[in-house]
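**Student:** What follows is the residue order along each chain.
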Amino acid sequence: MIERRQVAIWAWMALAVGGGWALVAPLLGYRLAHHGWGRPAPWLIVAATLAATLAIAWTFAFARVAFNRFDEFQRALSLRAWYWGAAIGIAVSAPLYVFVALGGLAWLFPHTFDKGPVAARAFAAGYALPTLFQGAGCVGVALWLRIARR
Amino acid sequence: MKNRLKALRAQRGWSQADLSERLDVSRQSVNAIETGRYDPSLPLAFRISRVFGLPIEAIFSDAD
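Residue numbers (my numbering), protein chains in the order written: chain X, 1 to 150; chain G, 1 to 64.
Misleading hints may appear alongside valid ones.
Cβ pair distances, simulated, as ranges [claimed, not checked]:
| # | chain 1 | residue 1 | chain 2 | residue 2 | range |
| --- | --- | --- | --- | --- | --- |
| 1 | X | Gly-29 | G | Thr-35 | 29 to 35 Å |
| 2 | G | Leu-42 | X | Ala-25 | 43 to 49 Å |
| 3 | G | Ser-49 | X | Leu-102 | 37 to 43 Å |
| 4 | G | Ala-17 | X | Ile-56 | 35 to 41 Å |
| 5 | X | Gly-19 | G | Gln-11 | 44 to 50 Å |
| 6 | X | Ala-94 | G | Gly-53 | 51 to 57 Å |
| 7 | G | Thr-35 | X | Gly-137 | 29 to 35 Å |
Residues from chain X that keep clear of chain G, each with C-beta distances beyond 10 Å, as calculated [as the list claims (entries may be wrong)]:
| # | residue |
| --- | --- |
| 8 | Pro-117 |
| 9 | Ala-124 |
| 10 | Gly-140 |
Some chain G residues close to chain X (C-beta under 8 Å, calculated; not the full set) [stated by the list, open to error]:
| # | residue |
| --- | --- |
| 11 | Arg-22 |
| 12 | Val-25 |
| 13 | Ser-26 |
| 14 | Gln-28 |
| 15 | Ser-29 |
| 16 | Ala-32 |
| 17 | Tyr-38 |
| 18 | Ser-41 |
| 19 | Leu-44 |
Please keep in mind that the hints were generated in silico from the structure rather than gathered at the bench.
Don't be surprised by glycine CBs; every beta carbon is placed ideally from N, CA and C.
Throw the hints in and build the complete structure from the sequences for me.
**Tutor:** Pasting the structure below:
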């Protein structure tokens, strides 16, 4: 039998993820309907950025509520999964990053990916952004925990 | 860390779900503690000792 605690956790998580998507989905749908994959209008870029900020705040708030409902074993499991999952994910992606950034995809699919150095730089920046922010977030939380525990 | 949780629970005729309710944790946690996959925190160990009416050292022991 499924425990009530578990149902509540799933409900909060569904609210976190579903609510976050609901905040950005209309603008993404509008973009695809009116601009396809082409360059969107400036107002749409600003609106989508604001919607994404709201969506992340929403998702974090409700994910925190769900996390607070975990018992200590579930918290330990979740923290370990995030720590090792993220570390392994980055480790696995690093050689793939080198392969793609140096033009490996153009080598494999010359007609699709041979877009030159601009595409390679865009890919490198796109990879670096979340990776650097993840590193910065990790250092920030570690420092905060050290200060908070004094 | 070794523990006698499963034996003590069986003595009382409690299921894992019964014990998890008394401890206010998930059944998954009770199972993980019983099978030695997870060592509970000190506050949870104290709760376990209160639920069984036994001192902590009568329930948990060093694996060495």
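**Student:** Check the following: the C-beta atoms of Gly-19/X and Gln-11/G are separated by a distance inside 44 to 50 Å.
**Tutor:** holds (47 Å)
**Student:** So, as I understand it, the hint says Arg-22/G touches chain X; can you test that by seeing if any CB pair is closer than 8 Å?
**Tutor:** violated (13 Å)
**Student:** Checking hints one by one. Is Tyr-38/G an interface residue toward chain X, by the C-beta closer than 8 Å rule?
**Tutor:** Since chain X brings a Cβ to about 5 Å from Tyr-38/G, closer than 8 Å, the hint holds.
**Student:** Against chain X, with CB atoms and a cut of 8 Å, does the hint on Ala-32/G hold up?
**Tutor:** holds (5 Å)
**Student:** Given a hint of 35 to 41 Å, does the C-beta separation of Ala-17/G and Ile-56/X actually sit inside it?
**Tutor:** holds (37 Å)
**Student:** Can the hint on Gln-28/G be confirmed by a CB-to-CB distance to chain X that is less than 8 Å?
**Tutor:** For Gln-28/G, the interface hint holds, since the closest Cβ of chain X sits about 7 Å away, which is under 8 Å.
**Student:** Evaluate the given range 37 to 43 Å for the C-beta pair formed by Ser-49/G and Leu-102/X.
**Tutor:** violated (60 Å)
**Student:** Given the range 29 to 35 Å, decide if the beta-carbon distance of Thr-35/G to Gly-137/X lies inside it.
**Tutor:** holds (34 Å)
**Student:** Regarding Gly-29/X and Thr-35/G, is the given constraint of 29 to 35 Å on their beta-carbon distance met?
**Tutor:** Hint violated: Cβ distance 47 Å, outside 29 to 35 Å.
**Student:** Interface hint check: Ser-29/G, Cβ to nearest Cβ on chain X, cutoff 8 Å. Holds or violated?
**Tutor:** Nearest chain X Cβ about 4 Å off; hint holds.
**Student:** Verify the interface restraint on Val-25/G: the C-beta must sit less than 8 Å from at least one C-beta of chain X.
**Tutor:** holds (4 Å)
**Student:** Would the hint on Ser-26/G be counted as holding, given a Cβ-Cβ threshold of 8 Å to chain X?
**Tutor:** holds (5 Å)
Comparing the model with each numbered hint stated earlier shows that hints 1, 3 and 11 do not hold.
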